Structure formats: structure tokens, C-alpha cells
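Q: Turn these sequences into a full structure, and let the hints steer you where they fit.
Heads up: the protein sequence lines correspond to chains A and B, in order.
For the first sequence, the numbering used here assigns the number 2 to the initial residue and increments by one for each residue that follows.
For the second sequence, the numbering used here assigns the number 116 to the initial residue and increments by one for each residue that follows.
Hint data in this document are derived by calculation from the structure and do not stem from the laboratory.
If you're wondering where the values come from, they're calculated on a predicted model, not measured in any experiment.
Careful: at least some of the hints might be erroneous.
[Unchecked claim] Restraint-style ranges between C-beta atoms, simulated for each label pair:
no. : chain 1 : residue 1 : chain 2 : residue 2 : range
1   : A       : Pro60     : B       : Asn177    : 49 to 59 angstroms
2   : B       : Gly191    : A       : Ser367    : 26 to 36 angstroms
3   : B       : Asn287    : A       : Ser367    : 51 to 61 angstroms
4   : B       : Ala249    : A       : Asp23     : 56 to 66 angstroms
5   : A       : Glu17     : B       : Asp230    : 17 to 27 angstroms
6   : A       : Trp261    : B       : Ala249    : 23 to 33 angstroms
7   : A       : Trp261    : B       : Thr378    : 58 to 68 angstroms
8   : B       : Glu153    : A       : Ala20     : 34 to 44 angstroms
9   : B       : Asp230    : A       : Asn200    : 34 to 44 angstroms
10  : A       : Glu38     : B       : Ala185    : 48 to 58 angstroms
11  : B       : Lys132    : A       : Tyr22     : 58 to 68 angstroms
[Claimed, not checked] Reference listing, derived: stretches of chain B covered by chain A, where coverage requires no fewer than 3 residues with Cβ under 8 angstroms from a Cβ of chain A:
no. : segment
12  : 271–279
13  : 287–300
14  : 334–348
[What the hints assert, rightly or not] Here are the computed lysine to aspartate or glutamate pairs in the EDC-like style, where the Cα-Cα straight-line distance is at most 20 angstroms:
no. : chain 1 : residue 1 : chain 2 : residue 2
15  : A       : Lys358    : B       : Glu270
16  : B       : Lys243    : B       : Glu270
17  : B       : Lys205    : A       : Asp184
18  : B       : Lys182    : A       : Asp375
19  : A       : Lys258    : A       : Asp184
20  : B       : Lys182    : A       : Glu359
21  : B       : Lys301    : B       : Glu271
22  : A       : Lys130    : B       : Asp181
The C-beta atom is built at its ideal place from N, Cα and C for all residues, glycine as well.
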Amino acid sequence: MNQTNRETNRLQGFAEVFARYDWQETQRRIQDTTPAEVERVLQRAGSLSPLDFLALVSPAAQGYLEEMARISQALTRRRFGKTVQLYAPLYLSNECLNSCLYCGFSREIQRPRVRLTQEQTLAEVAVLKELGIEHVLLVTGDFSHQAGNQYLNQALEWVRPHFAQVSMEVQPLAQAEYQALADRGLHGVMVYQETYGPNYTQFHPKGSKKDFFWRLGTPDRLGAAGVHKIGLGVLLGLEDWRTDSFFVALQVAYLEKHYWRSRISISFPRLRPAEVGFSPPHPVCDSALVQLVLAYRIFNENLELSLSTRESARLRDALVPLGITSLSAGSKTEPGGYANPKAALEQFEINDGRSPKEMALALAQSGLDLIVRDWDPHFGLDPNFGT
Amino acid sequence: MNRDHTNPEQGTSDLLKIGDRIFTSRLFLGTGKFSSLELMGQAIAASQSQLVTLALRRFDPNNPQDKMVAQVAQPGVSLLPNTSGARNAKEAVLAAKLAQAALETHWVKLEIHPDPRYLLPDHQETLKATEELAKLGFVVLPYVNADPVFCKALEEAGAAAVMPLAAPIGSNRGLTSRAMLEIILKESRLPVVIDAGLGVPSHAAEAMEMGADAVLVNTAIAVAQNPVQMALAFRLAVEAGRLAYLAKAGAVSWNAQASSPLTAFLSEGD
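A: Now the structure itself:
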């Protein structure tokens, strides 16, 4: 991707909308929300504007958590039924050119670096299939662009025939590259902005991730490339979660209007204190995380809300029935970890180690069915590929 | 408005004929959103439905022991694979073929929705796929907006029935497209199955009273606190609505019949 394209990206798409909102002003509006405003917004739950979302993440809304939980649960059951979808991450590589302060894959950290071969990848696939996984999320660090893209196409080719749905969480790519991957059957792409706040560069000092606007424009490129699912989120703990999440909601509303064929998924990666020696400047407590999940659901009943094994079994069991619609289980966050677990390579620590089967049993206690397969592998596949 | 004509192709007994099959039950069921496959199976049994839809994206066509298929395949129940998840005619046709091979049925509920939020049908693609599948010998039941002209176009394209929506899928809003459904019921020579948005049994009864040939229900049953009981409630409502339709309710009048008619003076002094 050349520099010119990256530059124009600053002026186009969501970046243009983003430029109309000021961080401090947004923060102030959230803080100034009154209980009466929260009540007014709750009465119109299900299809709200990003400005209504401000009230839902406000300190004033903390007094309405129980009511929010009831509304969120009812909206979720009506839209998604008594079901939650299952996926598992498949870490392909921990190589990375970035040095994000909070990340276990940062190039500043001395650790063994791995990029799975076809044979190693298929060994992982075999274990995942044994666990009953049908939806898989391929994860890598950010390695050099050319090599990276070639490898991702290869990896997709290895993995694609074995799963109903394959998504990716990798470095931001160009629209044509997404298009090519989508034609080969890629279903979704998760690309978290990490933070929309003014200190972005401070947390991402080196590598291509330093380019805030290239990352911010990624969902536009995904939508334009016709990728079915676009995953957004902020890394909870980097900045004020209320303000940061407003910008997610703003981007959701924008994407739904512009790329109506794609669906939006939100994740809730939460930093815990002292991960890789990094203390999150704005730690997010459990009740704040709960408020945030409920806020997204009440804001938009169609969002996929996804919760990973970063969170504890106790929290997941309680929070999932209130609005979560997608879960990982049995996850390993190190490349090769399913076939050969080696904690020294992992990106973050797992807090819920239950297998998919155990997870399904726990969900059944809440009257929820864990859906393993919700996509036909033939949908969207280029007929000239792999047949 | 009642559907005041008898479809000659349906014969004189009150059986529903679609394609090459005859149904005594006029309640079709969807299988999404249940809290467990077992409960879904029980709800199907309670509904006495004879036609149950199954999303191809939800079961594994290569696995003959698939648990979803096992729960749906009850005695007297025919499977109606749907193409839910397909976003264009090409994907839907492929899905129908895969389902045909896996489930040994040439029936298909055609659902094409490029929009993942409201799951509203794409009519251009639906027409294309209906033509293609009908030519291939499929019994095609397309899911459509309540659009009377489009339903006529589907007749010509070879559909076996039409399935217009009452309201957006999963919305439980009832017969929001009532005015258009009435025209479809009046004009269609195909069986009309009112699909999507029926939230409570009274909605289903109302659809049957209007003259619908059948209704399809999923969310309202699956999401109920007691899905088995709700399935029974829908069954009874559909039967009641059908009976009421056949019994031909008295005409609705806006005016009370005045006990002292305003024109009584005309006969005074006779």
C-alpha cells in the first residue's frame, strides 16, 4: 500500500465523520448526562442513535443497570433466540513489527517467534475439529506487508476446507487484498481500533500500527470489499471506556448506513493489570464491562456481541445471558498451542479454560444453546476456488 | 376481507395441497432460536406440524448423524430445507442442491437476504432463483415481501407456493402488511403461507381467518418461556382460524342496527 492511498484515507469515509466529534466535548457530554435523559433513552431501546448511546454509557446510567439488563436480555432473545455462537481462535504467528505497549507479541519482548507451517496449521485444525469447532478466527501479529498477505492467503487455503466459517484478526490490509480473501471464502475480519483517543500513538509507537488513520479506515475498506462481518472494538483499559466506546457506536452507525450488506460484531478485550508489565491507565471494572455490553445491545439490537476467554468463567456465565451472542471456548492464544501447548508463546492469559463441551453445559444451565455451525461453507465461495 | 373463493386445485375437502404433497396441518414451523434441540423436537411434536424448515447453514450435509436433522425428522414431518444465509440467486441455488443431496428432498424454502439485519428478501435474486430451481424440478416456496405483483410474477416463474411476510422476521409484530396480504390472498392461485412476524397465536388465527392457506411460525414459539405449550397454542389458533374462515363469519358492519330506524316515518300510517 503506497503512502498516497494512506493519505487520502484521512479525508474519506468514517474519518470524515470522526473529525466532527471532539474527544473532550464527548467526554463532557457523557459526564453531564442526567438520570432523566437515561430514562428517556431507555424508553426507545433497540434502535438508537450514537448520541443516545452517550446516555447509556454515562455515570448516570449506572443507577439503571438492572433495568438495562432486563431490556438488553429481552432484545437479545427476540433477535437471536436462546442461542449463542461458538468460535475458537487459531493463532498462526506471533511475529510482529509493532511494539504496542500492552501486547505480548510486541517486538520489544524477547521471546521465541513462530509462524506455523502448513503441517503445523493442519495439526491445529485437527485438534479444533476434535473439539467440535466449526467457526474459526485466524490470528497473527503484524508481519511485513508483502510476506504477510501472501501467507494469509496460503493459510486461508489450508484452513478453509475444514470449517464452516473462517474469519481473521490480522494487520489492516488494502481493499483489493480483502476482496481477494473474501473471494476465497473469508467470512469476517476483526480490526479493533484499540483506542479512538488522542493518545493512540503513545500506545502504538512503532510499526505500521502507528498510523491511526490507516487503521481507522479499515472497516470502510472491509465494507467496500464486501466482507460479511466487520468486527470493531476498543482495548478496554487504555482510555476512558465511556468516551472510547461512543466512537465505536459512531462507527457502527456509519458502517450500517454505508455497507448495509455487512454485519457488525463488537468485542470486549479488557486489559488486566500488569499484563506484560503494562498497567492499564484506565482499568475497567466488572460493573463497567457489564454496563458497556448492555449499552451496545440497547443501542442496536442487531449487533453481534462477542466475549472471549480473557474473561473468567464466573463473569461469562453471568454476562452471556444478558446480551452476548458469540463466545470463544477452549482457546489457546499461542501459535501451535492446540497441538503443543507452550505458555511462553501466548498473547494473553486465558481466564476461562473450559472446553466447548463444558461451555455448552454451562450455557444450558441458563437455557441457552451453543451453536457450533451457522454458515454454509459454500456461501460466497468463488466457484473456481477449491472445487 | 375474507378470501371468498375456493381454490379449485385444493379440492373439496379441507386439505392443503402444495406441490406433490398434501397436508392436514396448516402450521409450519421454523427451527431456529430454541434453547436446545430436544426442546425443539418436543415443540414440533406439540405443534403437530407436518412441514418443518431447516437452515442449511445450521446442519452438516455431510454428516448423516446430524443431531439437528435427527430431532426434526419425526414421523409425519417433512423437512423443508431453507437457503437462509444465501445472499444471491447463485448461492441459493447451490444451497438447494446441497440440501437436496443431503436430505433427499426436492423441496426448498427460498430465502435470499443480502441484508443481515432485517433479513428482508431480495426480489430480483428471488425471481432468478425461483425460475432456475423450478426448471430443475424443485418445489420452490419463496419467502417474499407482501408484494402482490411480485407474487404473481413468482407464479409465472414456477413457484409452488408463496410465503409473504406479515412483518420483519423475528419482530413478533403481527400482520403489519395486512392490506397487501389481503390482495395476495385474493389474487394468488398458489397456496399462500404467511410467514415471519407472527408473534402470538391470535396473529396466526387472524391470518387464517383472512384466508391464508397456512402460516409459518418460529421465533414466537422458540423464544417463549414454555415453547412446547406455545406450540400447542399456535396449533389451536391455526385450527380455530381455519374453522372460522370456513364457517364464513358474518359481514362486519360499521353501523349499529338502529332500533328506531331514521326512515321509520316512511311506513308510518300504513
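Q: Evaluate each hint against the coordinates.
A: Consistency of the hints with the structure:
1. Pro60/A to Asn177/B: 49 to 59 angstroms: holds, 53 angstroms
2. Gly191/B to Ser367/A: 26 to 36 angstroms: At roughly 33 angstroms between Cβ atoms, Ser367/A and Gly191/B fall inside 26 to 36 angstroms, so the hint holds.
3. Asn287/B to Ser367/A: 51 to 61 angstroms: violated, 22 angstroms
4. Ala249/B to Asp23/A: 56 to 66 angstroms: Holds, at about 58 angstroms.
5. Glu17/A to Asp230/B: 17 to 27 angstroms: About 24 angstroms separates the Cβ atoms of Glu17/A and Asp230/B, which means 17 to 27 angstroms holds.
6. Trp261/A to Ala249/B: 23 to 33 angstroms: holds, 29 angstroms
7. Trp261/A to Thr378/B: 58 to 68 angstroms: For Thr378/B against Trp261/A, whose Cβ atoms are near 60 angstroms apart, the range 58 to 68 angstroms holds.
8. Glu153/B to Ala20/A: 34 to 44 angstroms: violated, 53 angstroms
9. Asp230/B to Asn200/A: 34 to 44 angstroms: For Asp230/B and Asn200/A the Cβ distance comes to about 37 angstroms; the hint holds.
10. Glu38/A to Ala185/B: 48 to 58 angstroms: holds, 51 angstroms
11. Lys132/B to Tyr22/A: 58 to 68 angstroms: Roughly 60 angstroms apart at Cβ, these two residues keep to the hinted range, so it holds.
12. 271–279: Our answer is that it is violated, as 0 residues pass the Cβ test (under 8 angstroms) against chain A, missing three.
13. 287–300: violated (count 1)
14. 334–348: Since three or more residues must qualify, the claim that chain A covers the segment 334–348 of chain B holds, with 3 doing so at under 8 angstroms.
15. Lys358/A to Glu270/B: Given that 20 angstroms is the threshold and the Cα spacing comes to 47 angstroms, the pair is violated.
16. Lys243/B to Glu270/B: holds, 13 angstroms
17. Lys205/B to Asp184/A: holds, 14 angstroms
18. Lys182/B to Asp375/A: holds, 14 angstroms
19. Lys258/A to Asp184/A: It is violated: about 23 angstroms lies between the C-alpha atoms, which goes past 20 angstroms.
20. Lys182/B to Glu359/A: Since the Cα atoms of Lys182/B and Glu359/A sit roughly 18 angstroms apart, the hinted pair holds (cutoff 20 angstroms).
21. Lys301/B to Glu271/B: The hint holds at about 17 angstroms.
22. Lys130/A to Asp181/B: Status holds; Cα separation ~15 angstroms.
When the structure is compared with the earlier hints, violations turn up for hints 3, 8, 12, 13, 15 and 19 and for no others.
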